[in-house]
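Chemist: Sequence:
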Amino acid sequence: MFLMMMPMMMMMSMMMVVMLMVIMMMVMMFMVVMIVMVVDDGRDDDHDVRGDRDDGHDGHGDHGDHDDDAFA
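Sequential numbering from 1 applies to the sequence shown in UniProt numbering.
Hints listed in this document are in silico derivations from the structure and should not be mistaken for laboratory results. Just so you know, even glycine gets a beta-carbon here, dropped at the ideal spot from N, CA and C. There may be inaccurate statements among the hints.
Label-pair restraints from in silico Cβ distances [as the list claims (entries may be wrong)]: (1) D40 - V18: 30 to 40 Å; (2) D40 - P7: 44 to 54 Å; (3) M16 - V36: 29 to 39 Å.
Using the sequences and the hints given, assemble the complete structure.
Modeler: Rendered as structure tokens:
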């Protein structure tokens, strides 16, 4: 009986470990996505500010604005 139970217990424990790993992976992915979304929002804002500042220095922004006007 014990010998019959051992493989079943091994299979059950493996399934439990796999399920735990899958759940952990899902939680980690969710956390990473949330963090990336928040960081991306902040970085985009910073990039916009930096881009505006660079526009005054380089004039690339003016060129881009002219292109936008042409497209619009």
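Chemist: For each hint, tell me whether it holds in the structure or not.
Modeler: Evaluation of the provided hints:
The hinted window of 30 to 40 Å between D40 and V18 holds, with their beta carbons roughly 32 Å apart. The hinted range of 44 to 54 Å is satisfied by D40 and P7, whose Cβ atoms lie roughly 48 Å apart. The given range of 29 to 39 Å is respected by M16 and V36, whose C-beta atoms sit roughly 30 Å from each other.
Checked against the numbered hints given earlier, this structure breaks none of them.
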